[in-house]
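Line by line, the protein sequences are chains L and C. Going left to right, the first sequence walks through residues 1 to 293 as the working numbering numbers them. Going left to right, the second sequence walks through residues 294 to 643 as the working numbering numbers them.
One or more hints might be untrue.
[Stated by the list, open to error] Here are the in silico distance ranges between beta carbons for each label pair:
no.	chain 1	residue 1	chain 2	residue 2	range
1	C	V611	L	G88	20 to 28 angstroms
2	L	L284	C	I517	26 to 34 angstroms
3	L	I260	C	D561	16 to 24 angstroms
4	L	N187	C	R634	23 to 31 angstroms
The set of hints was computed from the structure by calculation and includes no laboratory data. The beta carbon of each residue, even a glycine, is placed where N, CA and C say it ideally should be.
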Amino acid sequence: MSFLSCLISGISLGSVYAIIALGYTMVYGIAKMLNFAHGDIIMVGAFAAFTVVNTMGLPTGLGILTAVVICTILGVTVERIAYKPLRGASSLAVLITAIGVSYLLQNLVLLIFGPTPKKFTSVIDLPPLQLAGGQLSISAVTIVTVITCLAVIVALTTFINKTKMGQAMLAVSEDREAATLMGINVNSTIALTFAIGSALAAVAGVLFCSAYDNLDPYIGSMPGIKAFVAAVFGGIGSIPGAFIGGIVLGIIEQLAKRYISDQLSNAIVFLVLILVLLIRPTGLFGRKISEKV
Amino acid sequence: MKETKRKQLINNSITYSLVIAFWLVVQVLTATGGLSNQLKGLLVPLCMYVILAVSLNLTVGISGELSLGHAGFMCVGAFSGAFFSKLMAESIANDTLRLVIALVIGAAAAAFFGILIGIPVLRLRGDYLAIVTLAFGEIIKNVVNVLYVGTDANGIHIAMSKKGLNLLEDGQVIIEGAKGIAKTPRASTFNIGIILVLITLFIVLNLINSRTGRAIMAIRDNRIAAESVGINITKYKLMAFTISASLAGVGGVLYAHNYASLAGKSFDYNMSILILVYVVLGGIGNIRGSMIAAVVLTALPELLRSFSTYRMLIYAIVLIAMMLFTSAPSAIAFRERLMERFKGHKKEVA
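Looking at chain L on its own, in the form it has when it is part of the complex:
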């Protein structure tokens, strides 16, 4: 039973990673940049929901909505101010800028809310599901997380495959110049991608903090980096890849925590990343891109 409950908590954690990884993978696929600040947008989302629900005592739905709206605006603003001017610059410059944005968000929140960790009361207060005569208990947060993750995947896949804007996103990620020639507004497509990615990050932030009930300005960086690991694992740019990568990573992390060492679980996750990159650099579902001279 302990193995099974470990597996379930792994799937739950993995679903959060998957939602974050979707944002990562979309931004990477289209803007060809590693958005280091993505993890910190999760943190901002969690703080927004915390302020609305826990401090102001307003209903949960409003809290989630506020988080999504704030993160969407934040994501688009960051893209406009920090990343857009660097389009065409070296990847080193873009990456350092993204690190700067990540630091900026962390320290802004640190100044506003202070360094003491907050207790985040779960936004979902439903009784846990009892299975096998009460031997296996699945918390409501876990169920909601997994369902949300599946809903997000379905919605996103439909959006990308069935709508004009989704097709424009695919075209830009395929070949930016050709997309421009076909009359696609590349700038607004990239902004839209950042908006969607950041909105997903807000949802992930609320779910993550509901499961772990701890909130400080640095909570975003680790899940952010791990979600990137998940995205790489599944093949960066691929939506089903991000989903499967996230779930697998969550399970690996929980199993490592349970059976190897609590303190080494992060090291094991990173070891997985290194092995994946060395054995199959394009990930599970990634395509190999040949280099042009």
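Given the coordinates of chain L, assemble chain C onto it according to the supplied hints.
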């Protein structure tokens, strides 16, 4: 060619004389008593950060690879050096001699990890390389956090918990997991720090101005062109990465012998970023710049205590602004226009 050589010589001399001038100023201030205790405590960390910034600039600026795991190499150097000093605290009575050997051991251990990590990492490029160096840094930190090493009459014991060490009665725990190493002999002095800075500069500047350095920069500027003229990419990249790692190890040993306790958690991702900030603000690829940036950015916040709440915030803003100013295509075009106008104006005057 002769002209460039002369320029290089002048340039390097300025860099060395800056370090010596700094040393002289500190000596004069110490003699006249114009140095507060707070400033005195900063002297060794200043040398350490200069060494780290210069060594990271070798990877980021000269070799063109963004490494986010520099603190990991520092950690390896710090722990291996401090371990040696603790082990030999009684056998070698002379503090300086012990520190020198510890420095060599720390540098060698960090270089070994540099090669070990460099071989797989340097096959990757750009963003992937950055994230994998970050991953390695975190792995080193996490492993050190669960590492227990002790000695007794039977020799050295290594385990993942204090109980697992199975020490005899007279045994001594040297590395104690997350608590790290306590009471390392505090042998680091400002003079040793300055000598190490000079050695670091000597190694890095000579490397840059050598045939090897030109090969490394050629790879950075155009990998395919460099390969086509017969430059061995892996060899030169690995060389730069390893030298950079081993110098970070030297910085780590200096760090370990300056503070009373040493814990793995000090060498996290934030430390790597801090050093990266020095490199970026000093100018990527500009050795003297990273030296000055490290000194100014370490000393300023300590001197202006009230400012320290906003320190990281200001770092972040400056980091973004700096990147936008130096790398954004529109900013580059703007500067070029400005330069042209300036030059054109000059011509008219003439």
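| Does 23 to 31 angstroms hold as the CB distance between L/N187 and C/R634, or does it fail? | holds (29 angstroms)
| field | Hint check for C/I517 and L/L284 - Cβ pair distance inside 26 to 34 angstroms | value | Taking Cβ atoms as reference, L/L284 and C/I517 lie about 29 angstroms apart, which means the hint holds.
| Is 16 to 24 angstroms a correct range for the gap between the Cβ atoms of L/I260 and C/D561? | holds (21 angstroms)
| field | Satisfaction of the hinted span 20 to 28 angstroms by the C-beta atoms belonging to C/V611 and L/G88 | value | Hint holds: Cβ distance 23 angstroms, inside 20 to 28 angstroms.
Checked against the numbered hints listed earlier, the structure breaks none of them; every hint is satisfied.
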